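Chain order of the listed sequences is A and B.
So the first sequence is numbered by the UniProt record's numbering: it starts at 1 and just counts up by one.
So the second sequence is numbered by the UniProt record's numbering: it starts at 1 and just counts up by one.
For the record, the hints were derived by calculation from the structure and aren't laboratory data.
This structure is a prediction, so every number in the text was calculated from the model and none was measured.
C-beta atoms are modelled at their ideal positions from N, C-alpha and C, and glycine is treated no differently.
Please note: incorrect hints may appear among the correct ones.
These stretches of chain A come out as covered by chain B in the derived footprint (C-beta under 8 Å, 3 or more residues) [as the list claims (entries may be wrong)]:
hint	region
1	123-132
2	140-147
3	151-163
4	174-186
Derived CB-CB ranges, DEER-like [claimed, not checked]:
hint	chain 1	residue 1	chain 2	residue 2	range
5	A	103	B	22	31 to 39 Å
6	B	51	A	42	46 to 54 Å
7	A	271	B	51	24 to 32 Å
8	A	14	B	63	18 to 26 Å
Derived list of chain B stretches under chain A, where covered just means 3 residues or more per stretch with a C-beta under 8 Å from a C-beta of chain A [to be verified]:
hint	region
9	23-29
10	32-39
11	52-66
12	71-84
Next come the chains, spelled out residue by residue.
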Amino acid sequence: MFQLSDLYLLAPEISLVLLALVVMVIDLFTKRRIVIATVSLVGLIVPVGFVIAQAVTYTGPRTALFRMLVVDQYSLFFRVIFLIIAAFMVLASYNYLGKYIKAEGEFYVLMLFSVVGMMLMASTGELISIYIALELTSFPLYAMAGLLRSSTKSSEAALKYVLLGAMSSAILLYGFALLYGLTGTTDLQGIAQSFKSFGNGNLMVIVADVLIIAGFGFKISAVPFHMWAPDIYEGAPTPATAFFSVGSKAAGFAALIRILVYGGLWQADLTPLIVVLGVVAVLTLILGNFAAAVQTNIKRMMAYSSIAQAGYILVGVVATLTMSQKNHTAASSGIAAVLFFILVYVVTNLGAFSGIIALSNLTGGEKIEDFRGLWHRSPLLTVCTSLCLLSLAGIPPVAGFFSKVFIFTAAWQLGQPWLVIIALLCSIVSIVYYGRIIKVMFFDAPRKEERLVAPISLSTTITLATAALLVLTVIVTVVLDAANPAALSLFASLLGK
Amino acid sequence: MPLTAYLIVSAVIFTIGVIGVLIRRNPLIIFMSIELMLNAVNLSFVALSHFLDSVDGQMFVFLVLTVAAAEVVVGLALIVSIFRTRHNIDVDEMNVLRG
Numbered sequence: 001m002f003q004l005s006d007l008y009l010l011a012p013e014i015s016l017v018l019l020a021l022v023v024m025v026i027d028l029f030t031k032r033r034i035v036i037a038t039v040s041l042v043g044l045i046v047p048v049g050f051v052i053a054q055a056v057t058y059t060g061p062r063t064a065l066f067r068m069l070v071v072d073q074y075s076l077f078f079r080v081i082f083l084i085i086a087a088f089m090v091l092a093s094y095n096y097l098g099k100y101i102k103a104e105g106e107f108y109v110l111m112l113f114s115v116v117g118m119m120l121m122a123s124t125g126e127l128i129s130i131y132i133a134l135e136l137t138s139f140p141l142y143a144m145a146g147l148l149r150s151s152t153k154s155s156e157a158a159l160k161y162v163l164l165g166a167m168s169s170a171i172l173l174y175g176f177a178l179l180y181g182l183t184g185t186t187d188l189q190g191i192a193q194s195f196k197s198f199g200n201g202n203l204m205v206i207v208a209d210v211l212i213i214a215g216f217g218f219k220i221s222a223v224p225f226h227m228w229a230p231d232i233y234e235g236a237p238t239p240a241t242a243f244f245s246v247g248s249k250a251a252g253f254a255a256l257i258r259i260l261v262y263g264g265l266w267q268a269d270l271t272p273l274i275v276v277l278g279v280v281a282v283l284t285l286i287l288g289n290f291a292a293a294v295q296t297n298i299k300r301m302m303a304y305s306s307i308a309q310a311g312y313i314l315v316g317v318v319a320t321l322t323m324s325q326k327n328h329t330a331a332s333s334g335i336a337a338v339l340f341f342i343l344v345y346v347v348t349n350l351g352a353f354s355g356i357i358a359l360s361n362l363t364g365g366e367k368i369e370d371f372r373g374l375w376h377r378s379p380l381l382t383v384c385t386s387l388c389l390l391s392l393a394g395i396p397p398v399a400g401f402f403s404k405v406f407i408f409t410a411a412w413q414l415g416q417p418w419l420v421i422i423a424l425l426c427s428i429v430s431i432v433y434y435g436r437i438i439k440v441m442f443f444d445a446p447r448k449e450e451r452l453v454a455p456i457s458l459s460t461t462i463t464l465a466t467a468a469l470l471v472l473t474v475i476v477t478v479v480l481d482a483a484n485p486a487a488l489s490l491f492a493s494l495l496g497k
Numbered sequence: 001m002p003l004t005a006y007l008i009v010s011a012v013i014f015t016i017g018v019i020g021v022l023i024r025r026n027p028l029i030i031f032m033s034i035e036l037m038l039n040a041v042n043l044s045f046v047a048l049s050h051f052l053d054s055v056d057g058q059m060f061v062f063l064v065l066t067v068a069a070a071e072v073v074v075g076l077a078l079i080v081s082i083f084r085t086r087h088n089i090d091v092d093e094m095n096v097l098r099g
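The whole structure should be built from the sequences, with the hints applied where relevant.
What follows is the structure in structure tokens.
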């Protein structure tokens, strides 16, 4: 049934699409970067306002448009994350665009459209709309990767991204087709209902699980589907890389968790599902961390580091699935930890990337050795970037420490001690490579002596990100209070019936 | 014909597509292979839709076709832009970025 009030539930996405169209039209008339960026940033207030209004007046999960749209605490949580990403991206890319890309309007429009797709990926409860939202997210990303038109690296990265992205969505679709064949519906709640009656040992269920994990494995850059990430991160314009590393990954996890938990796939053949995801998580952790340790280009290092971070998130997902058949409330603690981890990861990685954009813009190099002695040349940037890197490494007392602790304790309590031990060992390795950059910046002799002055937009971004990181550290319990019901809301649909 | 026959044909076409993506080096051929994979999926959707007597699968096929067309547009635009700068589109020659 369609009602006019359904439009209110979709209002954040609708207003974001309108904003993107307005920015596109303004770009036709004025080429002034400051106008376009200001309109994008101010316009974001409208979708943010709608999301806040929906969160404040929240009374329970609501569905609309033939159950294609699901507005529960889970989707509200992710909508907030994606709007944070959009706001940070407008600020962080401002200077880089002026310097390297002569297509500011296009960059912002593509970014906003992609964010719409990400928000929809978190808030749809139906396979067809998940697929459409996924492609709405991906197409702008392909174009963004190739925006540095004079650089062969950039167009090469974009082409590789299109080819691998298209292949991964074909694999995902094949999984969807099997799911549809097994259950006769594309509605996730319908799928959850019919999975109740499935016993174990159904080969088709296992194949569908594997195909869906493989399809999303590309989006979240989990090993063995990670090959694209380092190449594309290195070749693409740095702001676009920052966007891929947080947006694409958070959206991929949003949809994967939605299908696995809300779609009730855990009700049949749980053991093979856990084994497959567990193996993927372990491989991701080991390869991501060890490969990051040997990189010399900072963008490639950040690519492997973001692969490694996906591994920690997967540990939380596996832990939830382990307990899902026995105790929903306990199991949801894993997802709550994952939600908190994703929020912290998004803020931290955006901060680290804006630091890297600023520092590599100023020094003109992307090698780690180009960052030597930056402490003497640009103290504020160096301190902020270092804080973000420390948080990524999970060193107390920054928020990244808490997010790792939550994931590890949840996984330990839910019965995956071995995964926790492996993840702990891997995060010790990660201290080495994050620490190396910090050491190079603080203790090595600078190449030149003159001071570096970062452009105002970039220093604002990184200061904001660091401030947000510190605030997150202080309000950990508040965020967890929001994450816990969000995680539980994924199980709510099954408990209700 | 039984449903299994359709699903087997679809699985075979899908596998041919995957092999094509993995071993062919020309981006255009790779696109064709991806198209093969998508059409294999479409075949199973249509077959399943008919046998389940539900129209959802056919809806899915329409949307997959449309999205696939858009995907090729983005890809071809990038191929054109690469060809303009280096007059060669073989993916093996694309080694500015190491894998």
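Each hint, compared with the structure:
A stretch counts as covered by a chain when three or more of its residues have a beta carbon under 8 Å from one of that chain; for the region 123-132 of chain A and chain B the count is 4, and the coverage holds. With 3 residues bearing a CB less than 8 Å from a CB of chain B, the region 140-147 of chain A meets the requirement of three and the coverage assertion stands. Only when three residues or more bring their CB closer than 8 Å to a CB of chain B does the claim for the region 151-163 of chain A stand; here the count is 10, and the claim holds. Counting residues of the region 174-186 of chain A whose CB lies closer than 8 Å to any CB of chain B gives 9, which reaches the minimum of 3, so the coverage claim holds.
Judged by the Cβ atoms, the range 31 to 39 Å given for residue 103 of chain A and residue 22 of chain B holds: they are separated by roughly 34 Å. For residue 51 of chain B paired with residue 42 of chain A, a C-beta distance near 53 Å keeps the hint of 46 to 54 Å intact. For residue 271 of chain A and residue 51 of chain B, the Cβ-Cβ distance of about 30 Å falls inside the hinted range of 24 to 32 Å, so the restraint holds. The beta-carbon spacing between residue 14 of chain A and residue 63 of chain B, approximately 20 Å, falls within the hinted interval of 18 to 26 Å.
Only residues whose beta carbon comes within less than 8 Å of a beta carbon in chain A count, and the region 23-29 of chain B has 1; fewer than three means the coverage is violated. For the region 32-39 of chain B, the stated coverage by chain A holds: 3 residues have a C-beta nearer than 8 Å to a C-beta of that chain, and at least 3 were required. Counting residues of the region 52-66 of chain B whose beta-carbon sits less than 8 Å from any beta-carbon of chain A gives 8, enough to reach three: the coverage restraint holds. Coverage of the region 71-84 of chain B by chain A holds in this model, with 7 residues showing a Cβ closer than 8 Å to a Cβ of that chain against a need of three.
The structure shown violates just one earlier hint, number 9.
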